[in-house]
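Residue strings, one per chain:
2 protein chains.
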Amino acid sequence: MQRFEFTLKATDGKARLGEITTPRGTIRTPAFMPVGTAATVKAMMPESVASTGADILLGNTYHLMLRPGAERIDRLGGLHKFMNWDKPILTDSGGFQVMSLSGLRKLNEEGVRFKSHIDGSEHHLTPERSMEIQKLLGSDIVMCFDECPALPATEERVAQSMRMSMRWAQRSRDAFGDRPGHALFGIQQGGVTEELRGESAEALKAIGFDGYAIGGLAVGEGQEAMFGVLDYAPDMLPVDRPRYLMGVGKPDDIVGAVKRGVDMMDCVLPSRSGRTGQAFTRHGVVNLKNARHADDPRPLDEGCACPACRNYSRAYLHHVYRSQEMISGMLLTWHNLQYFQDIMAGMRAAIAEGQFDAWEAAFHAGRAEGDIPPL
Amino acid sequence: MQRFEFTLKATDGKARLGEITTPRGTIRTPAFMPVGTAATVKAMMPESVASTGADILLGNTYHLMLRPGAERIDRLGGLHKFMNWDKPILTDSGGFQVMSLSGLRKLNEEGVRFKSHIDGSEHHLTPERSMEIQKLLGSDIVMCFDECPALPATEERVAQSMRMSMRWAQRSRDAFGDRPGHALFGIQQGGVTEELRGESAEALKAIGFDGYAIGGLAVGEGQEAMFGVLDYAPDMLPVDRPRYLMGVGKPDDIVGAVKRGVDMMDCVLPSRSGRTGQAFTRHGVVNLKNARHADDPRPLDEGCACPACRNYSRAYLHHVYRSQEMISGMLLTWHNLQYFQDIMAGMRAAIAEGQFDAWEAAFHAGRAEGDIPPL
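Protein chains in written order, with this note's numbering: chain A, 1 to 375; chain B, 1 to 375.
To be clear, the hints were calculated from the coordinates, so they are not data collected in a lab.
Since this is a predicted model, take the numbers as computed values, not measurements.
Cβ atoms here follow ideal geometry from the backbone N, Cα and C, with glycine treated the same way.
There may be inaccurate statements among the hints.
[Unchecked claim] If you only want the chain B side, here are some residues facing chain A, beta carbon under 10 Å, derived:
(1) Thr40
(2) Val41
(3) Met44
(4) Ser48
(5) Lys81
(6) Met83
(7) Asn84
(8) Arg275
(9) His319
(10) Gly329
[Stated by the list, open to error] With a cut-off of at most 35 Å between alpha-carbon atoms, the simulated DSBU-like pairs for lysine-lysine come out as follows:
(11) B:Lys289 / A:Lys135
(12) A:Lys106 / B:Lys289
(13) A:Lys289 / B:Lys87
(14) B:Lys250 / A:Lys81
(15) B:Lys106 / A:Lys289
(16) B:Lys135 / A:Lys289
(17) B:Lys289 / A:Lys115
Full structure from sequences and hints, please.
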């Protein structure tokens with residue numbers, strides 16, 4: 001069987017071009033992972049997600065354990081079959097979303113007790129149970145169970161939390177066992193404190209993982225603080241393993257993260273924005289609900305190959321948004337996912353050619369121009 | 001340019017196999033027309049609608065005149081380009097939906113004044129304006145502007161209404177003019193009274209149309225009464241022109257109508273039901289919200305080629321319905337449209353082979369069996 005392997009193919013400054021091989025296919029890095037929270041990337045058919053160039057999806061352990069349930073998905077043949085996606089899937093550990101979505105949490109060294117946001121039922125999540133659930137789902141890349149405080153938080157709170165997450169990382173590693181073809185990623189914590197990030201990285205490396213995530217960012221600290229951490233955090237992680245920045249982000253966050261040595265990212269932004277009439281383009285964000293598009297026969301982005309841009313006018317996209325038609329979310333989500341994947345493809349090509357800085361300058365110049373003027 | 005032409009290719013009892021040629025393509029009859037009310041078949045990409053075998057869509061004049069507006073669609077290149085559908089489109093006249101959807105109507109010989117259900121703005125619709133709007137939309141098959149009372153209604157009310165609709169039919173014919181490649185259909189009224197249906201048919205034939213619709217049914221009279229009318233109404237219309245039964249219907253309505261000599265139908269049922277978890281299958285209606293599907297790995301209908309049936313389990317369809325995910329409506333609408341088109345294809349093949357009765361018996365037998373038993 002194909003082993004889980006990461007190959008670093010080129011670097012340009014700190015930016016890295018690589019490839020992750022798995023039994024379910026190859027993931028080109030830098031990679032953006034669309035989020036398929038409840039076994040669907042909202043408003044998209046999985047074939048359409050694949051057509052944008054996505055090599056891997058993210059699934060949410062928290063949502064799937066509550067509905068339809070991990071044991072049920074296992075009985076039905078695993079998450080890939082259930083949701084008709086045969087490429088790799090990364091699942092998060094559930095920890096972050098227990099904190100952000102569920103009610104009545106009780107956290108201790110053992111794990112976390114919480115009530116479902118769907119039906120109020122009680123659940124217990126531990127490193128061991130998270131590993132079990134992610135195995136039942138059939139995840140290709142499994143994330144350690146961790147805990148992370150919302151920022152700002154006191155350094156003491158961040159340190160305590162990080163150290164517990166490191167003990168949970170060891171328990172996750174022990175519970176995961178040996179599963180050829182499947183990967184377990186550790187998650188660096190430590191907030192915005194370099195010393196704590198370093199301590200966390202050392203703890204994870206001592207345990208040993210197939211990949212390393214940078215956690216606890218994109219939780220309210222702002223881009224400047226995030227980039228401040230990314231100026232040093234990726235360098236603390238092994239050069240020969242993929243580095244995954246969790247929950248990021250906006251296009252310029254993604255570009256800034258890749259520039260600083262990040263290989264993988266995920267975010268709900270392209271799909272969530274697509275459902276609220278917002279499109280990400282080379283010219284920045286375009287809001288299709290704006291009346292200025294009502295008579296505009298031009299495509300959203302004449303340089304984009306997605307169906308929204310190839311087959312429809314801005315006037316149509318405005319009309320279906322205003323009419324609350326499902327095709328509005330379908331087309332704009334598709335466009336946004338295409339745009340995010342086009343950014344990744346552009347960065348991969350630029351790194352291969354040693355032209356990352358020039359690519360980045362062009363990326364920012366296009367956005368600075370702003371959207372095309374009204375007719 | 002290709003002319004609008006109807007060719008009757010075979011009959012089996014009263015059931016008819018035919019073909020309508022138009023500059024935008026051929027419509028195989030009996031034909032079912034999916035409804036694209038607001039320039040979209042809800043929850044579907046137009047390519048997907050075409051893939052089910054639909055040769056023609058219906059667009060709603062009432063909705064499109066209010067939003068985004070007929071003049072705007074004309075400026076943008078017409079409805080086909082606007083909604084990315086290059087095959088034929090039939091538009092209704094707006095009359096029926098003014099009656100069923102708008103507020104504060106005032107009806108007289110001239111036409112009808114009403115307030116938009118969207119923003120309360122005032123509008124005036126007449127035979128002449130309806131012809132103008134349908135021309136601005138670029139409709140291939142234009143419907144006469146008519147009026148129809150909800151049933152039950154007194155015979156006197158039905159007769160008065162029918163006679164005004166016949167005067168409006170003449171005004172529609174005059175306003176439509178000569179538009180090669182485009183068709184104008186007259187609409188027979190007369191409720192459930194054979195004499196009035198006959199009077200209406202004679203009036204329409206005296207004017208002369210490219211096709212003839214049977215209107216004023218499927219408005220609450222029930223299947224038995226509808227079939228009662230269909231036992232004689234199609235025979236009153238010219239044999240060499242297509243016959244279109246408006247707003248019908250459920251699968252057994254459609255089969256019963258074709259059996260009685262109807263060539264074309266339209267209905268929102270497959271798409272509307274798809275968005276509420278209801279699937280039409282060879283075994284009857286299957287309600288995906290039912291908990292009995294939660295662990296069922298079997299397809300919705302193992303004989304169906306749509307993506308919902310090819311790629312997903314009932315358990316998945318149940319899960320995404322319960323989770324209110326958009327893919328639920330997307331998949332079930334696709335399935336329902338595929339099933340409706342499969343019925344039409346089955347009837348066309350059966351008529352060609354002179355096997356309509358056998359096909360109809362098998363159709364009813366499958367439905368009588370009911371859905372497959374729970375696991």
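Outcome of the hint check:
no. : hint                : result
1   : Thr40               : 5 Å, holds
2   : Val41               : 8 Å, holds
3   : Met44               : 7 Å, holds
4   : Ser48               : 9 Å, holds
5   : Lys81               : 8 Å, holds
6   : Met83               : 7 Å, holds
7   : Asn84               : 4 Å, holds
8   : Arg275              : 8 Å, holds
9   : His319              : 4 Å, holds
10  : Gly329              : 6 Å, holds
11  : B:Lys289 / A:Lys135 : 28 Å, holds
12  : A:Lys106 / B:Lys289 : 33 Å, holds
13  : A:Lys289 / B:Lys87  : 29 Å, holds
14  : B:Lys250 / A:Lys81  : 33 Å, holds
15  : B:Lys106 / A:Lys289 : 33 Å, holds
16  : B:Lys135 / A:Lys289 : 28 Å, holds
17  : B:Lys289 / A:Lys115 : 24 Å, holds
Going through the hint list in order, the structure satisfies each hint without exception.
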